[in-house]
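Chemist: Sequence:
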Amino acid sequence: MSLKVTILGAASAKPTAGRHPSAQIVNCNERLFLVDAGEGVQRQMFRMGINPLKLSAVFISHLHGDHLFGLFPLLSTMALYGRRMALDVYAPSPFGEILDGFRRYFEQDMPYDVVWHEVDTTQNVMLMENRTLAVWSVPLRHSLRSSGYLFREKAPQLNVDKFKIERYGLDIEQIVAAKRGEDIVLPDGTVLPNGELTYLPREPRSYAYCSDTSFSPRAAEIVSGVDLLYHEATYTDSERKVAGERGHSTAVQAAEVARRAGVGRLIIGHFSSRYKDLQPLLDEAREVFPNTDIAVEGETFTA
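Taking this note's numbering, the leading residue of the sequence shown gets 1337, the next gets one more, and so forth.
Don't read these hints as lab results, they were simulated from the structure. Predicted, not measured: the structure shown is a model, and the values here were computed from it. C-beta: ideal position from N, C-alpha, C; glycine also. Be careful, since some hints might not be right.
[What the hints assert, rightly or not] Listed next, with one range per pair, are the computed distances between beta-carbon atoms:
1. G1505 to D1629: 27 to 35 Å
2. P1553 to D1507: 22 to 30 Å
3. R1622 to P1447: 27 to 35 Å
[Said to hold, decoys possible] Derived DSS-like pairs (lysine-lysine); straight-line CA-CA distance at most 25 Å:
4. K1577 to K1612
5. K1500 to K1515
6. K1498 to K1577
7. K1515 to K1350
8. K1350 to K1390
9. K1577 to K1350
10. K1490 to K1340
11. K1498 to K1515
12. K1390 to K1490
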């Protein structure tokens, strides 16, 4: 059981020779989710051995092309490969209009449904839930409606201490009840508190994606305590004024969000094409939040 993030691209809008625009795969217990879909995303997936047919859902932060232009070729490729299972896409409006145009002109007879779920970029709400995971929206501050995403693994089922099973002679029914979190009443009336019998086999993991956004204390509050945070760091701090005007963050501001939120680890990305060497951005971020790394394409980070 794990929560892992593979970087497919971490560049900003202007093309560069060595970086792809924003896209990544979140793997939660072998269920795959695509977060943003910049140009070339399907090629990156193939390069890294990620089967697009295994995608469970797509989360688009906002409708700038460097976060979206790669989605539609990917949808067509999955149709060519014979996908039949519906694909859920979570994105702000008016994504539905764009999707309708794509279907009308390119994919009138897709063999699977693409189901759009509108994301209200002003609200922190749960968007998706399954047996092991919940995904929440994170309102961001950008030049148009933008949402981050918070992936929270659910707590695993409790384990029952085998020595306590032997000590109290617990039967199958009592063990199952203890796994559900219930106290156990023995035949003599003794009550065994659940906390005395059980333990969590592991702590649930969490991951937050925050791009594109200017510095946001609200976002820092929402992602408080996550194990792994990806936060855009488009500019060095000497360009703080430009960053604010364009709805972006500096490396120092990304690190300040991580520090305020008390996260376990910070990954910075969405770098401006002006930076050939990313070390200065990493150095600035580490001055504020030492446990910071660069989003390197092809690298997988574990929450």
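Chemist: Does the structure break any of the earlier hints, and which numbers would those be?
Modeler: 1, 2, 3, 6, 7 and 8
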